[in-house]
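Participant: First to last, the sequence lines map onto chains A and B.
When we follow this note's numbering, the leftmost residue of the first sequence carries the number 1, and every step to the right adds one.
When we follow this note's numbering, the leftmost residue of the second sequence carries the number 1, and every step to the right adds one.
Where hints are given, some of them may not hold.
Heads up, incomplete: computed chain A residues facing chain B, CB under 7 Å, no partners named [unchecked claim]:
#1 Ser74
#2 Trp97
#3 Phe105
#4 Gly106
By construction, these hints were calculated from the structure, which means they are not laboratory data.
Glycine residues also receive a C-beta, built at the ideal position from the N, C-alpha and C atoms.
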Amino acid sequence: MKKIVFREEACMGCRLCEVYCIVQHSMSKDIIKSHRREATKPLSRVTVEVKKPHVMTVRCQQCKTPLCIASCLSGAMYRDAGSGLVTHDADKCIGCWTCTMVCPFGAIVMDKKRKVVAKCDLCQGMQVPACVANCPNEALVYQEVGP
Amino acid sequence: MSKYVIVGGSVAAISAVEAIREVDPAGTIAIIAEEPFPTYSRPLIGDYVSGEATWDKMMYRSDRFWSENKVETFIGSKAVRLDFTERFVETDAGKRIEYEKLLLATGSEPLIPKIDGSNRKGVFVFITLADAENLKAKCEKAEKAVVVGGGLIGVCAANALTEVGAKVTVVELKERLLSLLFNSTASRIIEEAARGSGVNIVTGHTVARIGGMAGDESKVGIVVLNSGETIPCDIVVLAAGVRPRVELVARTGLKVNKGVVVDRFMHTNIPDVYACGDVAEAYDFVSGEDRVLPQWPTAYIEGRTAGHNMAGISEEYSGGTVMSALKYFNVPAVAVGITNPTENNDFEVLTNHDSAKNVYKKVVLKDGVIKGFILVNDICKAGVMYYLMQMNVNVARFKSELLSEDFGFISLPEHLRKKILKEVVQ
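Just need the whole structure built from these sequences, with the hints factored in.
Facilitator: Written out as structure tokens, the structure reads:
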């Protein structure tokens with residue numbers, strides 16, 4: 001399965017991955033509108049964490065045995081039968097935060113306003129996820145990982 | 001004759017079916033499930049009552065889940081007898097279902113405190129969807145409710161009833177709410193939020209009697225506390241906790257302590273008989289002992305372990321522990337493992353209370369390993385801590401970071417990050 005691989009040595013912490021994640025998951029898909037004008041501005045599903053001199057991006061790592069799926073109270077978190085993707089149905093999510101309690105990477109984003117969580121979906125339908133496509137320093141690479 | 005027979009139809013049974021089907025696509029499976037509903041999520045009954053969750057949202061899996069997995073169903077049937085010699089389960093309809101492998105996933109039942117008057121109309125328990133339907137039907141007209149018990153179920157019920165506009169009083173025996181999960185600081189934050197939503201909290205008291213309504217003694221009208229104080233109400237929710245449903249296995253030779261005793265493979269003392277979920281007493285990786293843990297995620301993981309083992313793949317249960325994420329009264333909070341250590345000398349306790357932001361964090365360590373933690377109002381990195389705890393990682397070198405505002409995956413030393421990525425992902 002193709003996953004996003006992070007190269008710490010190349011990351012400058014510019015946070016463009018966060019910006020383009022928001023754009024991609026917005027209604028308008030427009031960089032200005034998505035950040036400024038949409039009432040329900042989506043949250044970025046990738047987070048840049050900084051602990052100087054280290055910088056890294058954190059997102060869903062597509063675990064082999066995802067604890068988020070095992071723990072989900074509503075059945076919103078599931079593995080897509082076709083693609084094998086660990087993904088999330090926001091319409092089913094109830095915002096119980098149980099997946100948040102168990103994600104080893106702290107990669108699940110809590111949308112407290114809408115009472116749902118969000119997580120990286122590898123930008124389904126796109127050739128390359130938006131964060132990878134817009135990373136100016138190729139710190140994010142989309143490639144086959146694992147068995 | 002079914003190759004696999006499962007007694008129970010909730011999450012432990014569902015995950016066992018999913019696990020069996022990963023390994024054995026064709027072996028016959030039968031389930032005997034008492035509740036006449038499709039596969040729904042019990043922890044969402046509070047959201048159902050409050051209206052946050054519609055019927056569709058209540059559904060944990062597709063309404064065709066059993067048929068999609070080629071499971072023969074006996075829904076609305078109750079298993080009444082087990083015969084381990086002839087290897088069959090008998091239902092209340094007189095049907096005998098023979099098994100090769102049997103899984104007991106009968107769940108738990110509410111503990112009902114002995115209170116005079118608890119048979120009156122308007123007194124509810126709060127465990128199943130049927131309970132939620134009953135409460136929902138009643139609370140649309142109700143104005144005042146008393147919740148007896150301030151644990152997880154009680155707080156869930158109080159939150160739901162508040163959201164539908166009832167004036168709620170919670171009566172708790174201990175001196176604070178959620179005393180089994182949290183410590184006093186964390187409980188106080190949640191109590192304050194509950195009070196802010198209009199909940200009246202009475203701690204250190206019990207209910208002596210549930211009295212009738214003036215003019216109709218068959219209906220609830222008043223709750224009398226042990227202090228003699230009275231609280232008028234038209235609903236009472238009894239939320240005293242749950243216990244494993246073991247009546248089916250009494251006097252069968254199956255080893256039962258508080259719950260059905262299982263080994264690390266979810267196997268009982270009887271050949272080819274497994275148990276999982278709320279009814280089972282399974283391994284706790286924090287205490288190293290077996291215990292009953294009536295929690296949805298625990299039931300799912302135990303069910304999966306049971307399913308794999310029943311289908312012939314030897315899989316050891318990694319163990320569970322007390323773990324709850326709460327959202328009630330808009331206070332996200334997490335409690336995992338030992339949160340109130342008693343032998344203070346053996347444990348190292350780190351706390352951080354940012355009262356301006358209403359954020360509280362507590363981590364309990366023993367020999368440098370996390371044994372439990374509480375997070376209130378800043379919980380998004382809880383999972384990082386949980387993983388360190390589960391994997392027995394010595395965090396002594398970076399323990400000061402655990403409570404910091406910026407704690408996250410990056411707080412871990414590089415070699416540890418690489419190790420985790422490898423363990424979990426590849």
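Participant: Next step is simple, just say for each hint if it's right about the structure.
Facilitator: Evaluation of the provided hints:
Among the interface hints, the one on A:Ser74 holds; its C-beta lies about 5 Å from the nearest C-beta in chain B, closer than the 7 Å criterion. Here the hint on A:Trp97 is kept, as its CB sits about 4 Å from the closest CB of chain B, short of 7 Å. The interface hint given for A:Phe105 is met, as the beta carbon of that residue sits about 5 Å from the closest beta carbon of chain B, less than 7 Å. Given hint, A:Gly106 at the interface with chain B, holds; its Cβ is 4 Å from that chain's nearest Cβ, closer than 7 Å.
The structure is consistent with each of the numbered hints, conforming to all of them.
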